[in-house]
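Undergrad: One letter stands for each residue in the lines below.
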Amino acid sequence: MSEAWVLHPDRALPAGELRPLAKEIYAATAGLPLVSMHGHVDVGVFAQDRPFPDPAQLLVVPDHYLVRMVISQGQVSLPQMGVAPVDASAEVEVEQDPRAIWRRFCEHWHLFRGTPTRYWLEHELVEVFGVTRRPSAENADDLFDELSEILRRPEFRPRALFERFGLEIIATTDPATADLAQHASLAAEGWGDRVVPTFRPDPLLHVDRADWRGQLGALSEVSGVDAGDYEGYLAALRQRRRAFVEAGARATDHGHLLTDTTQLPAREAARIFRAALTGEATAAEAQAFSGHMLFEMARMSTEDGLVMQLHPGSLRDHDAGLARAFGHDKGYDIPIGTEYTRSLRPLLEAFGHHPNFRFIVFTLDETTFSRELAPLAGVYPAMKLGAPWWFLDSPDGMRRYREAVTETAGFYNTSGFVDDTRAYPSIPARFDLNRRVDAGYLARLVAEHRLEMDEAIETAVDLAYHIPKAAYPPVRVPAVAG
Amino acid sequence: MSEAWVLHPDRALPAGELRPLAKEIYAATAGLPLVSMHGHVDVGVFAQDRPFPDPAQLLVVPDHYLVRMVISQGQVSLPQMGVAPVDASAEVEVEQDPRAIWRRFCEHWHLFRGTPTRYWLEHELVEVFGVTRRPSAENADDLFDELSEILRRPEFRPRALFERFGLEIIATTDPATADLAQHASLAAEGWGDRVVPTFRPDPLLHVDRADWRGQLGALSEVSGVDAGDYEGYLAALRQRRRAFVEAGARATDHGHLLTDTTQLPAREAARIFRAALTGEATAAEAQAFSGHMLFEMARMSTEDGLVMQLHPGSLRDHDAGLARAFGHDKGYDIPIGTEYTRSLRPLLEAFGHHPNFRFIVFTLDETTFSRELAPLAGVYPAMKLGAPWWFLDSPDGMRRYREAVTETAGFYNTSGFVDDTRAYPSIPARFDLNRRVDAGYLARLVAEHRLEMDEAIETAVDLAYHIPKAAYPPVRVPAVAG
Amino acid sequence: MSEAWVLHPDRALPAGELRPLAKEIYAATAGLPLVSMHGHVDVGVFAQDRPFPDPAQLLVVPDHYLVRMVISQGQVSLPQMGVAPVDASAEVEVEQDPRAIWRRFCEHWHLFRGTPTRYWLEHELVEVFGVTRRPSAENADDLFDELSEILRRPEFRPRALFERFGLEIIATTDPATADLAQHASLAAEGWGDRVVPTFRPDPLLHVDRADWRGQLGALSEVSGVDAGDYEGYLAALRQRRRAFVEAGARATDHGHLLTDTTQLPAREAARIFRAALTGEATAAEAQAFSGHMLFEMARMSTEDGLVMQLHPGSLRDHDAGLARAFGHDKGYDIPIGTEYTRSLRPLLEAFGHHPNFRFIVFTLDETTFSRELAPLAGVYPAMKLGAPWWFLDSPDGMRRYREAVTETAGFYNTSGFVDDTRAYPSIPARFDLNRRVDAGYLARLVAEHRLEMDEAIETAVDLAYHIPKAAYPPVRVPAVAG
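Protein chains in written order, with my numbering: chain U, 1405 to 1886; chain W, 1405 to 1886; chain C, 1405 to 1886.
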C-alpha cells in the first residue's frame, strides 16, 4: 500500500501500447462539462442546498449497492448498517451511531475489490474530499472525523459542488404526481435550466400495485383532472406531462419488468381500468394494461416531445419478506432475461419513424446488446440505445457495451452516458470513468487501424458531450394549453 | 486525416506484442484462394458479366445494411436513398439521381465509424477501385466521377474481378423453383465448377406465407411433378434437389425463424398440407409443418448428399407496414433469442451420426455459441458450426466467436468462413478480414503458450482453405434418376 | 515443434505488459495446497490404491470429453475408442486393444488445439508423467510403452500422487444410497480428513426416472427407514444425510435440469409421491416434485449444516438412442438456457439469510453470470457463486467468468475453484490453470490501477486457498441422533 494515497492519472485506461493512444483521446474529453440527463439525486438536494450530514449518511446508508455488499457475507445485518425497519415499532436494534456504521463499512473495504463501487468511492474520497488514506479498520474513526469536518464547509454544499463538478445540467427523477414546487423554486432562483425534472409515472401504470388507487387520487388532486375513469386518467396524465414540460422536463422514464408494448383497444383498456378500481383485474390484465400504457406514453411523447426512456427487466424486491420489513431499494433488485425484438414491435411499428419521437432503451441483459438492441437502434430513426445501466455501469461492463453494440449500431445511435445514481458525490467519478473506458475502446480501434486518431477524438467528444445533449433536447412549451 | 489514403498493412491485427505473431500467421493465409460457399450474389452477375452501373447502384442502394445506417438518424428517408415503394403509383418522390444518393452516403460517412461496413468499404474503395481519398461531403462528386469511370473499364467486370479476387469457387443462393438456366449457360461457358447454385426452399416450406400456393404452382411447373398433394410436393422437392445436384449444387440453405425440427407423422403432415391449400391451417400448424420439413430436408440430404445449412432466428420485416410499402430486405430484419439444444434434438437423433449427412448451423444469438452450438458440434459427427453470421461478421464478432467456441468445439468442428453477401466487391475484404481476425486469435494462443507457432500456421491455413473445401464437398450425381 | 517438449513456465498468463504482473501474482499461489471440494474421482481409487491400468484406460476411455472430440469428425466410432454397448450381446466390434485406442487418440491430437483438454493433457503428460514428446501418429506406440512402464511404478499409485499433487483434501461424489464403506475404511487408515464424501440424491428426487422405485428400495435398505411413503422418504433422506455427515461429508450436490425451487404443500408432495409409486405421476408433477425437493434439501441443510451445491441446466443424453445403446456420460450432455432469478426465489426467500445455510450455485449458461448470479450472490448472505463449470472450466471461460461476475459480486462472494473431474491425473493441471487465469485477471486490474499489487496478491491467495476452505467448512456431527 502506498503511503500517500493518490489516484493514478491513467487509471481505467488500457495497459501497454494502447495506453498512450487512450491518454490522448481521454485528454480531449476529461474537461468537458457533465450533461447528466438521467439520475436519481433528489431535487431537494439542490433546492435546499443544505450541508450533507455525516459520512455514513452521505456515502453509506442510502447507497444500497454498498450496503448490500457489506451484508452479503452474512456477518453484518441491515440494521447494523443503519437500515431501519418499516414498522417503527418492530423490535429491531438499529444502529444509530453513524461512526459505527462508517467503521463497519471501512472494515469490509476488501469486499469491494474489483467493483465499480470501489472505483467511485476512491474517486470521491480522493478527488472530491481530498482524503489521503485508503479506508481500513484502523483509520475508520480518523477518516470519519476528517470527512465530517469537510462536509461542514460551504464549498461542499450541493450547489457549490455542482459548479465544481462541471455539471452543465442535471435531470432529477420525479413521480408523475409531484407538484414540482422545488423545481419551481429552483427556477425562481435562476437554476431552472440546470436542474430539470423527469416524468416517472410507473406507480400509475401498474394497476396491480397495492397503492395504485391511492396514486390515482394523488394524480387527480395534483392535475385537477378527475382520474377516476380511463378517459380522465389519460387526460390527467397529459396534464402532468404538460406541467413537467413547463417545468423544464426533457424526458419521461419507465421502469417496467417486461417490455411488452401491445396496444389494447380503448374499450378493453377502459374495462381493465374499471376492473382494477374494484380490485378485480387479473395479473394478466394488469400486465396487459401496463404494456398498453407504454404504447400510450409513446403516443403522448410524439405529441409533447418528451424523450421516452425505458428501463426494463429488474425484478424488484426479490426477497419480498425483507422488502416488507425494511422497504424497497435494499439491494434485492435482480435482473431477468429481457426480450425486445418482439415486445417493442408494436411501439416501433407505430412510432419508430415519427419525426417527433425519441426513444432511449436500456437493459440489464447484456445478451440483448448485439442480438436485439443494436440492430433495432441501428435502423429505427426514433430509437437510441441507452448507456450501460446499473450493474453494467462498470469498467468492464462499459467496455463490453461498446464492443457489443458499435459494430452494428455505430456510435451515433447510442445516447451518451447517464449516471443513474442517487449518490451525488459519485457523479464526477462515473462520468470520468465512462470517458476513460470509451477512450480505451477507441484507442483499440486506432491501434488496429480501424479508425484514424482525428476521428477517434471527434467521436470521444461527441459521445461525452454532443450526443447526450442532442439526445435529450429542450422541449418547446406549447403556446396554448392542450 | 492522412493526405494519401492508404490502408495500413496491419489493420485488424491485434496491437502490441501479438502483432508480430499475428502478422506471421496472417502472411500464411493472405494469398490463399477464396472458397465462397455461401453468399447472395446473383447468378446473373456472372452469367451476363455486364459492367456494374454507377457507384450508388453498385455500392449503396442494394446494400440495406448501408442504407439502414444512413436513415437511422432520421435525417434521410428510404426514398431519398433511392429505395422505391412497392406500389409504383404511390405518391412518393424517389431520388433518381445516383449522384445525389452517393452524396448523401458520403455526407454520413462518420456514422459508419467502428462498423464492419466501414471496414469493407475502405477495402473496396482502396484495394478494389484504387480510390485515394476518404469519402466526405466535399469530395462526394469527385469520387462519384472517379468511380463511374473505373466501373466502365473491362477489368472491373464481374468475371475479371472473379479472377482478380482469387476466387476458386462461389455459391449463389437460388430459389427451389429456379430453372437454373443461367447456371446452365455458365456451365456451357466452362464456368460450371466456379459458380454453383444453392437450393433454398424457404417459401415452399412455410405454408402460412401469402405466396405459398403460387410457389407450389411454380414448383409443379419447373419440376414437372404435380405438387398439389403432400406426396407430390415431396417428390417435386426431391426432383428439384436432383436438378440442383446436376447443376453443381453442394448445399441447401434454410432460413427459418425457429429451429424446431420435430418430425410429424406423414398423415398429420399431409393433413396440414391439405388444410393450407384451402387456407385453413392455423399458425401453430404452419409452424409445425415448417419444423417437420426441416426434418424431411435433413432426410433428403442423407439421400442426395447436399450439405444442409440452417440460418435461423431472424425476425424478417420488423416494421411490417414499412415492408408492405417498400418491400423486404430494407434493414428491418432483427434477431431473436434462439434455442438449439432441444429444437435440433429430433433431427440430430435421427441423422446426427449418418455418414452421408453434413449439417452446418449458424446463429445470430451469440449466447448459444458456448452454451449450445459448440457442445453440439463438438460431439455430433454430422454437425459443424457455421461462421459468425450477419451482424456477427465483424472484427470483434469474429473474435468473440473463436473465443466462445474453440475451447469446446475446437477448430475442426467449425466450417470455415462464408461471406453471405450480395455486395460482390466486398467479398475479398470480408475474407481478408476473417483471416486477419483468426490470425489475431491464434496469435494470442501462441503468445500464451497454448499453441505452437507451427500448429497455429497450419490451423490458419486449414481454417482459410482446407476446412471450407472439406465442409462443402462436391456432390456425386447419381447415375440413374431417383 | 521444439525437440524436447517442455511446457513454458508462463503458459496461460497474459502476454505483454501484463505478463510480469501476472507472474508475480501467480508465484504467490503456485505452491499452495489443493482444496478439491467438488469432483468425481471414485472413492475406490483411494480406498484401494491400486496401480492405474494402461494409458488408454487411464487417460482416454473414461474421459468422455476426450472421446467425444475424436468421434466428432465422423472418422472414428465409439466402439473403436473402446466404448462397449450396454447390451453385451449386441453385435458390435469393440476395440479391445488399449494400444490401438491410444493410437487413435494420438492420431487426432490436432483436434484438441485450443481446448482445455489439450492444456490438461500436456500438463499431465509432461508434469505428472515426464513425457518429453507431443503425441502424434508416429510416436503413439512409443508413448504407450513409456506411459505403461511409468504407471507400474509405486510413486504413481493414487495415494502417492495425492501427496505429490499437494492435495489437502478431496471430496468424492457419492449416491445418497451409498453405504460409505470405502470411506469408512479410508477413515480407519487415517485418510478420513483427506477424502470425504458428498451427498448426491438426484435419482431419488426425480420420480419420473425409470429406476426411481429401485432407488427407493435401496434407500430403505441402506437407511433402515421405510421410504415407501413421503414421510418415510424424508426421514430416510435425513438419515442418509446424517450418515454422510458422520462420514465427514461437507456438502450435498444436485444436478437438476431446471432450477425451480417452489415448495409444495406437504399434502400435495405426498400425493405426487403416491402417484409416482404407481407410475401415475405426470411429467409436470414429477418436475414440480423435484423442484419441491430442492426446497426441502435446502431446509435440511439449514438443519444439518451440509453446504448445498446446485449444478443445473445440462440436458443429459441428448441422443437418447445412443444413450440406450452405449450408456450415459458419452459426451452427449448439452447445456440449455437456464433461469435463476425467479426460479431460486422461493428457496432464497426462505433460507437466503439463514445463518446455517450455505448455497453454492453453478451454471453452464454464461449469460446468467452478470445478469442473475452475480447480483444474487452479491446480496444474499447464504449464496455464493460456484466456479466456472464444465465447458466453462477453460482459460477463456475462466477469464470471462471473473470479468462477468467480479464487478457485481466482488471476489468474496465466489466460492473458489473446484475441478469437477473424474480424471484424477488432470487435477493439478486444472488448479494450476485456474491460478494462472485468476492471476492474469488480477494483473489487468493492477495494470489499470484498479487494484494495488498487495491487494491483488492477497486476493489471489484467498481465491486459491482460504475462500474454498471457508466455503466448505467441516460439519459438526450432532451429539445425539436426530
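Derived from the structure by calculation, the hints contain no laboratory data. Note that CB positions come from ideal geometry on N, CA and C, so glycine has one too. Hints may be right or wrong, so weigh each one.
Heads up, simulated SDA-like pairs for lysine to any residue below, C-alpha to C-alpha not over 25 Å straight-line [claimed, not checked]:
{"no.": "1", "chain 1": "C", "residue 1": "1427", "chain 2": "U", "residue 2": "1420"}
{"no.": "2", "chain 1": "U", "residue 1": "1427", "chain 2": "C", "residue 2": "1423"}
{"no.": "3", "chain 1": "C", "residue 1": "1427", "chain 2": "W", "residue 2": "1552"}
{"no.": "4", "chain 1": "C", "residue 1": "1427", "chain 2": "W", "residue 2": "1423"}
{"no.": "5", "chain 1": "W", "residue 1": "1427", "chain 2": "C", "residue 2": "1415"}
{"no.": "6", "chain 1": "U", "residue 1": "1427", "chain 2": "U", "residue 2": "1859"}
{"no.": "7", "chain 1": "W", "residue 1": "1427", "chain 2": "U", "residue 2": "1409"}
{"no.": "8", "chain 1": "C", "residue 1": "1873", "chain 2": "U", "residue 2": "1514"}
{"no.": "9", "chain 1": "C", "residue 1": "1873", "chain 2": "U", "residue 2": "1420"}
{"no.": "10", "chain 1": "C", "residue 1": "1427", "chain 2": "U", "residue 2": "1666"}
{"no.": "11", "chain 1": "W", "residue 1": "1427", "chain 2": "U", "residue 2": "1420"}
Sample of chain U residues facing chain W (criterion: CB under 8 Å; computed from the structure) [as the list claims (entries may be wrong)]:
{"no.": "12", "residue": "1779"}
{"no.": "13", "residue": "1782"}
{"no.": "14", "residue": "1812"}
{"no.": "15", "residue": "1824"}
{"no.": "16", "residue": "1865"}
Undergrad: Could you run down the list of hints and mark each one as holding or not?
TA: Evaluated hints:
Simply put, residue 1427 (chain C) and residue 1420 (chain U) have alpha-carbon atoms about 16 Å apart, close enough for the 25 Å limit, and the pair holds. A hinted pair counts as satisfied when its Cα atoms are at most 25 Å apart, and residue 1427 (chain U) with residue 1423 (chain C) qualifies at roughly 22 Å. With a CA separation close to 58 Å, the supplied pair residue 1427 (chain C) and residue 1552 (chain W) exceeds the 25 Å bound. Taking the CA atoms of residue 1427 (chain C) and residue 1423 (chain W), the gap is near 22 Å; set against the 25 Å cutoff, the hint holds.
Only pairs whose Cα atoms come within 25 Å are accepted, and residue 1427 (chain W) paired with residue 1415 (chain C) is accepted, the gap being roughly 21 Å. Straight-line distance between C-alpha atoms of residue 1427 (chain U) and residue 1859 (chain U) comes to about 15 Å, which keeps the hinted pair within the 25 Å bound. Simply put, residue 1427 (chain W) and residue 1409 (chain U) have alpha-carbon atoms about 42 Å apart, too far for the 25 Å limit, and the pair is violated. Straight-line distance between C-alpha atoms of residue 1873 (chain C) and residue 1514 (chain U) comes to about 18 Å, which keeps the hinted pair within the 25 Å bound.
Restraint check for residue 1873 (chain C) and residue 1420 (chain U): the C-alpha separation of about 36 Å exceeds 25 Å, so the hint is violated. Taking the CA atoms of residue 1427 (chain C) and residue 1666 (chain U), the gap is about 56 Å. The hint is violated against a cut of 25 Å. Straight-line distance between C-alpha atoms of residue 1427 (chain W) and residue 1420 (chain U) comes to about 19 Å, which keeps the hinted pair within the 25 Å bound. Below 8 Å, beta-carbon pairs count as interface contacts, and residue 1779 (chain U) has one with chain W at about 5 Å; its hint therefore holds.
Evaluation of the residue 1782 (chain U) hint against chain W yields a held restraint, the C-beta minimum of about 6 Å falling below 8 Å. Given the 8 Å rule on beta carbons, the hint for residue 1812 (chain U) holds: about 5 Å separates it from the nearest Cβ of chain W. The beta carbon of residue 1824 (chain U) comes no nearer than 24 Å to any beta carbon in chain W, farther than 8 Å, and the hint placing it at the interface is violated. With a least beta-carbon distance of about 12 Å to chain W, the hint placing residue 1865 (chain U) at the interface is violated under the 8 Å criterion.
In this structure, the earlier hints numbered 3, 7, 9, 10, 15 and 16 are contradicted, and the remaining ones agree with it.
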